[in-house]
Amino acid sequence: MSFRASLQRIYSVARKEIVHIRRDPMTLFFALALPVVELFLLGFAIDTNVRHIRTVVYDAAMTQESEVLLRSFVNSEDFDIKGYVYTDAELHDWIIAGKAKVAIKIPEDYSRRLQAGQQAQILIMVDGTESSTAGEAVNVANAITLRESLRQVLRDRPLPIESRPRILFNPDTRSPNFFIPGLMVVMCQMMATMLTTNSIVKEKELGTLEQLFMTPVLAREVMLGKMGPYIVLTFLEFTAIAVLMRIVFQVPIHGSFVTLLLIVLPFVLTMLGTGLFISARSSSRDAASQLVIGTVMPSVFLSGYVFPVDSMPLVFRYIAKCIPTTWMIDACRGVILRGAGWSELWTHSLVLWCMAIATLVLATIRFRKKLT
Amino acid sequence: MSLAIDVQGGTIRFGSFTAVNRVSIQVPKGEVFGLLGPNGSGKTTLIRGLCGLLAFSEGHATILGHDVAKQADLVRQSIGYMSQKFSLYADLTATENMDFYSGIYGLSPARQKERQAELIALTGLSPYLDRRTDKLSGGWKQRLALVCALLHEPRLIFLDEPTAGIDPVARRDLWDLLFRLAAQGVTLFVTTHYMDEAERCNRVGYIHMGNLLAFGTPDELKRLPNITPPGTLRIEIAGQDTAGVLARLKRHPGVREATIFGQAIHALVDAPCDLQSLGIEHLAVHQTEPSLEDVFVTLARQQAD
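If you read the protein sequences in the order shown, they are chains A and B. The first sequence: position 351 = 351 (the numbering used here), numbered continuously. Just add 372 to the spot in the second sequence (first one is 1) and you have the numbering used here.
Chain A with its partners taken away, still in its complex shape (with noise of 0.2 angstroms):
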């Protein structure tokens, strides 16, 4: 019977919570709109991979072989030679005004010390302001000229050693199978989070909340019937966002899509709880706002999503461990890019239902039917 008035009561709870978002419908639009709009920004503009890098050349030689050189460079893809020029300062000048990011300069003696089988060099300036440009750069340019010595010393014969490598689940390595997977989970945390926070946050400032709390209405009931219609947009945020990825980004999903909202429920009851947490601790939703971006932050940097775990310290790699978006990131991309099922994420499955729980439970305790 109180079960019966319990469910009766969480029920109107998340009955008005659906008018709420039906009635605000500025909310709803940017809670979907926005991570749409993100989708196609990181999806269209952002290629991690260096290709086309702006190069200025001073080929002081202009012998056949230093053309040859240049062809390599130009035939590598990554790097575009803008122009020509004719003294050191120029290639200096090139640089500095950032026309360049590249400067290649082949000396006089090129071919001279080639032909008399000496050492020649060559000189190739990076800017090394965008550290990952410059990094590739060198390493492409080590490569080609590395390649062009052999040349030199093999002739007509083949290399000895030659490397296949081959790039499984992302084949071409685009930067939108990377990305998107990770946005998906990213903006189902902003959501989660943001719209629970807001919605008891907006009810603290009304003083609705406080009328609540004076009827037999458990704080788990209104918790529970508020967490509802949010669980609900969130899965069909997250689903939208994966149907766009396969067929505008052309991303397959190698996996089975149901597996992933699986995984992905505990993450969302995570982000809820969260969202709650900070509901309770928060009296304005300006200060709210604050809070949560202040969770997202280090959820965008350290989980992976655009820097790799690994390649972080050890101590930043422990953090990451403990952050729910960490696991889901991981999970997300195992599903949609290796085609990964529950025999490899069962680990991932139990770390975000045990950070549900503890959150829930947490947020429960703090939000207790009392004020203060």
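Some hints here could point you the wrong way.
Cross-link-like lysine-lysine pairs, in silico, DSS-like; alpha carbons within 30 angstroms at most [what the hints assert, rightly or not]:
1. A/K202 to B/K622
2. A/K204 to B/K442
3. A/K82 to A/K105
4. B/K622 to B/K594
5. B/K457 to B/K507
6. B/K485 to B/K457
7. A/K82 to A/K99
8. B/K442 to B/K401
9. B/K401 to B/K485
10. B/K594 to A/K202
11. B/K401 to B/K457
12. B/K594 to B/K401
13. A/K204 to B/K507
14. B/K457 to A/K204
15. B/K485 to B/K507
Here are the simulated distance ranges between beta carbons [unchecked claim]:
16. A/T27 to B/L501: 21 to 29 angstroms
17. A/R281 to B/D591: 45 to 53 angstroms
18. A/R366 to B/D506: 28 to 36 angstroms
19. A/R15 to B/D506: 16 to 24 angstroms
20. A/C354 to B/N411: 44 to 52 angstroms
21. B/D591 to A/R15: 43 to 51 angstroms
Partial chain B-side listing against chain A, Cβ under 10 angstroms, derived [said to hold, decoys possible]:
22. Q456
23. T465
24. E468
25. N469
26. F472
27. G475
28. I476
29. R483
30. Y566
Just so you know, these hints were derived from the structure itself, not from any lab. Backbone N, C-alpha and C fix where the C-beta goes; we use that ideal spot for every residue, glycine too.
Use these hints to put chain B onto chain A, whose structure you have.
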């Protein structure tokens, strides 16, 4: 006579600050109790304590026979609460707000329908049912809030400044409603700043900095010995130029208190008092009873001294 509210030495502290200090109130069922006091004197805190929303640091409170500390759920099921600031959902319509609270109080669909119809008839809310709550005027908002607080047929209703900021007609209508409820045996606990509202209550209390300075029927309070001490008289002086007369009165050694009430001055003077020197022979001076306002002002001054 059974009591709807029985507080014995109720004390609520926040850290070292005592918001409510050893307050004892007994209100019989079916009465209208008015609690007065300046802002921040502890009225709302006391109500929150009585609803079980704040725990009493000391003392004991029973609401409709339920111990507030131990049976908060039973208390909440049997009370209604209407807060000083409007606290319904502004983006929901009147009906949606009613439906929500019906669900929260666990009304069956049939009971909900019946009860809403009764209350809509009682308050005359029917033209506004589909209107968003934030589009209602202050008076209608308060009526809707009252309806939402009444859906589960509470035997006791707490109304925290229910008439603050609504127009005089709506104010009178609301009080008529409240008395109709009281006639049905519902106990009302009302806080207010309006003296005319206080005069209409069966019992009033005056709280000042957490201390309940007076508690009783309005007549009992007016006859309190320290309101009109022996050897003094309360007089009313009616006539022109009240402001000028007031200034002269205040300089007179035999006048203890003087305040303007509309076209008249209420004063507390030593008896016998020689007012001839003030040049007010042409004005009508007669002895009068203290008003409730006189009572509360006097109590607050005495407390301050």
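Next item on the list: For B/D591 and A/R15, compare the CB-CB distance with the range 43 to 51 angstroms and indicate the outcome.
Entry: holds, 50 angstroms
Checklist line | Given hint A/K204 paired with B/K457 - CA-CA distance at most 30 angstroms | finding: holds, 12 angstroms
Check: Does the Cβ distance between A/C354 and B/N411 fall inside 44 to 52 angstroms?
Finding: This hint holds: roughly 49 angstroms between Cβ atoms.
Check: Taking 30 angstroms as the top limit, are the C-alpha atoms of A/K202 and B/K622 close enough?
Finding: Distance of about 51 angstroms is beyond 30 angstroms: violated.
Notebook entry, point to check: Holds or violated: is there a CB of chain A closer than 10 angstroms to the CB of B/Y566?
Noted result: Check failed: Cβ of B/Y566 comes no nearer than 22 angstroms to chain A, outside 10 angstroms.
Next item on the list: Take a quick look at whether B/K485 and B/K457 sit within 30 angstroms of each other, Cα to Cα.
Entry: Given pair B/K485, B/K457 holds - Cα atoms ~27 angstroms apart, limit 30 angstroms.
Item checked: Restraint check, 10 angstroms cut-off on beta carbons, for B/N469 near chain A -> Interface hint status for B/N469: holds (9 angstroms vs cutoff 10 angstroms).
Notebook entry, point to check: Should the hint that B/G475 touches chain A count as held when the rule is a Cβ pair under 10 angstroms?
Noted result: Given a least distance of 3 angstroms, the restraint on B/G475 holds.
Check: Given the hinted pair B/K401 and B/K485, is their alpha-carbon gap at most 30 angstroms?
Finding: holds, 28 angstroms
Item checked: Status of the B/E468 interface restraint (C-beta, 10 angstroms, chain A) -> Hint on B/E468: holds, closest Cβ of chain A at ~6 angstroms, below 10 angstroms.
Check: Okay, A/T27 versus B/L501 on CB: inside 21 to 29 angstroms?
Finding: holds, 26 angstroms
Notebook entry, point to check: Does A/K99 lie within 30 angstroms of A/K82 when you go C-alpha to C-alpha?
Noted result: With Cα atoms ~8 angstroms apart, A/K82 and A/K99 stay inside 30 angstroms; holds.
Going through the hint list in order, the structure does not satisfy hints 1, 10, 29, 30.
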